[in-house]
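**Q** Below are the chains, spelled out letter by letter.
There are 2 protein chains.
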Amino acid sequence: MPEVRLNPITGDWVIIATERAKRPEDFLHKKEKKEIPSFVPTCPFCPGNEDKTPTETHSFRGDDGTWLVRSVPNKFSALTPVGEILKHKEKFKQYISGVGLHEVIIETPAHNMTTALLPLEQVERILHMYRHRLLAFYEDNRIEHVIIFKNHGASAGTSLEHPHSQIVGTPVFPGQVMNRLGEAIRNYYYVDFGECLYCSYLETELNDKERIIEQNDAFVAFTPYAALSPFHVWIFPRKHCACYGMISDAEIKSLASILKNILLRLYIGLDNPDFNYVVRTLSPRGADAKYFHWYIAIVPRVSQAAGFELGTGMFINTALPETSAQFLRDIVLPA
Amino acid sequence: MPEVRLNPITGDWVIIATERAKRPEDFLHKKEKKEIPSFVPTCPFCPGNEDKTPTETHSFRGDDGTWLVRSVPNKFSALTPVGEILKHKEKFKQYISGVGLHEVIIETPAHNMTTALLPLEQVERILHMYRHRLLAFYEDNRIEHVIIFKNHGASAGTSLEHPHSQIVGTPVFPGQVMNRLGEAIRNYYYVDFGECLYCSYLETELNDKERIIEQNDAFVAFTPYAALSPFHVWIFPRKHCACYGMISDAEIKSLASILKNILLRLYIGLDNPDFNYVVRTLSPRGADAKYFHWYIAIVPRVSQAAGFELGTGMFINTALPETSAQFLRDIVLPA
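Note that the protein sequences, when read in sequence, are chains R and P. Note that my numbering has the first sequence beginning at 1, numbered continuously upward. Note that my numbering has the second sequence beginning at 1, numbered continuously upward.
Don't read these hints as lab results, they were simulated from the structure. Fair warning: there could be bad hints in the mix.
The list treats identical chains as interchangeable, and a pair is accepted whether it falls inside one copy or across any two copies.
Dumping the calculated SDA-like pairs for lysine to any residue here, alpha-carbon to alpha-carbon at most 25 angstroms [what the hints assert, rightly or not]:
| id | residue 1 | residue 2 |
| --- | --- | --- |
| 1 | K33 | D217 |
| 2 | K93 | C241 |
| 3 | K22 | P44 |
| 4 | K89 | G182 |
| 5 | K91 | Y188 |
| 6 | K93 | Y189 |
| 7 | K33 | Q304 |
| 8 | K89 | M1 |
| 9 | K91 | M178 |
| 10 | K93 | T55 |
Throw the hints in and build the complete structure from the sequences for me.
**A** And the structure:
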């Protein structure tokens, strides 16, 4: 009998289609192997082509002065960085001017690298850059919400092969985030009065154990009870905090380790699948909020949303979350 | 300057990226033309292969007794039709048994047809079948919500080429639908006190004219003010009603005409693009609800959701809705 599980964090029901559940191996994405060079002369993100990107906003550099990670404005930004916020409040035709920030974080000079294979220190640098840019974005008073995300592979929406993440600051607060925040606030004040939904949920996952993939001193990676797709992974900080920007250097070390390992498990187990990940966070102004908890969601692109998902917001997961977790947990990582 | 527009129906902000807006022609999906035969011996939906599908639940037949449209249980249903609803209410681990109905509506005997090219009477038959199955599904007391949808083309999630739609009855009410319903109820009682959000919104679109694509006595097809993607089209009934199941035979005639024409405009203008459409409706039990209004949403697959959409629920539309509407309006339909 299939189960329809409720995700208490997203408020979405997910159909766990156990009747047609696939084995983890069935999701193996057999890609044509193509040899990718470490340097591509025409790639705007490769070293030597720095003049092909807009002026760098920040970088981390090696002792010899060459960059290791850099952030640059997105040349094809969906929003415009210069301008005032204008609001139009006509009934049913409300808009706000499309002012916002959109940067690309170039994760490594090497064109053919991927997070799973990067040295740990390099993953740490990327996470340091996330923190730096997030805090900088929120200093702009026009920005109401910031999202950090990565699209890896064509089916995940990447147009450029060179490893990069993106960060977008919008002049509005997204409806989906508002709905989740509302649910978290309601839980804090009216259900669990005084307990963070995310903290208590994490406790349940830790007690259950069977969906935990990996944990360290500061973070826990698991497949949520109502995972929306096979190998959907959440990484929760153990320490309650609503904003990623407050992460300490020591915590960045722990996060780099668990993020790299999870991506490496996916890389080995599913042969370098396309994936998206997002950092869900409130602003530093809301960092002390007791009801919200920042986290990272990783969604490998092994299934496709169609009319059913579009019309209901519900997902059909053709793998048991417990099986997905076990598969990823059992991957042997190279020493 | 780009605009960030608010969709009052979905509650979502959409970035209308006018700065990088494409011309309608840029969305032309150059597909490899392959000759599709009208009959495929191995296709379970082709005439003569009726024994390859589960037992038919309903059909419309010609004078000679052969079927014209038929509905059959989905062989690979995500939910199971037999069984009792069991509820598990453990904190953070709530589930309900995956009992539900899932049928395929085979839209025509011809393997190589598509709605845009079908005779009008055949489109009417499909819509009659939607009404019939919707009402039948809701007679099952275990069913809380029913969604009718169509996936056309591989990128829209079709696995079978033979033209078909699907109808799914779930034992839960989807969170996304609940959020929209909540917004509609709030509008009815606390904003517009006594006016349906959808009715007044339609009035605004009719007054503005510039996003209207086509209208007839009973229906209006338009690109919404905050369309979430290029060529996103909504078809609203003029008459207020919360449930598709109440549609009259005369209204089905009008709907068939406008639906066929819109799909034909897409077929001609974008060279048979992949698309999804969904019928959003409440149950016949809620048909009299003054605050909800059934409608059809059509989303051509001309853009791709990635990390940004996943993490915010916001969309980036690289076409002006007004331009999309004009492009579709200006397509000359064959006489």
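**Q** Compare the structure with each hint and give your call.
**A** Hint check results:
In this homomeric assembly, K33 and D217 never come within 25 angstroms of each other (Cα to Cα): the closest approach is 37 angstroms inside a single copy and 56 angstroms across copies. Taking the shortest Cα distances, K93 and C241 sit within 25 angstroms of each other only across copies (24 angstroms), while inside one copy they are farther apart (36 angstroms). In this assembly of identical chains, K22 and P44 lie within 25 angstroms of each other by CA distance solely across copies; the values are 23 angstroms between and 40 angstroms within a copy. Taking the closest pair of Cα atoms, K89 and G182 come within 25 angstroms of each other both inside a single copy (24 angstroms) and across two copies (22 angstroms).
With identical chains, the CA atoms of K91 and Y188 are at most 25 angstroms apart between copies only, with a shortest distance of 15 angstroms across copies and 33 angstroms within one. Within a single copy, K93 and Y189 get their C-alpha atoms only as close as 34 angstroms, which misses the 25 angstroms cut-off; across copies the closest is 20 angstroms, which meets it. Within a single copy, K33 and Q304 get their C-alpha atoms as close as 22 angstroms, and across copies as close as 24 angstroms, so both meet the 25 angstroms cut-off. Taking the closest pair of Cα atoms, K89 and M1 come within 25 angstroms of each other only across two copies (17 angstroms); inside a single copy the shortest separation is 50 angstroms, beyond that limit.
Taking the shortest Cα distances, K91 and M178 sit within 25 angstroms of each other both inside one copy (21 angstroms) and across copies (23 angstroms). Taking the shortest Cα distances, K93 and T55 never come within 25 angstroms of each other, neither inside one copy (36 angstroms) nor across copies (49 angstroms).
In summary, the structure is inconsistent with hints 1 and 10 from the numbered list given earlier, while agreeing with the others.
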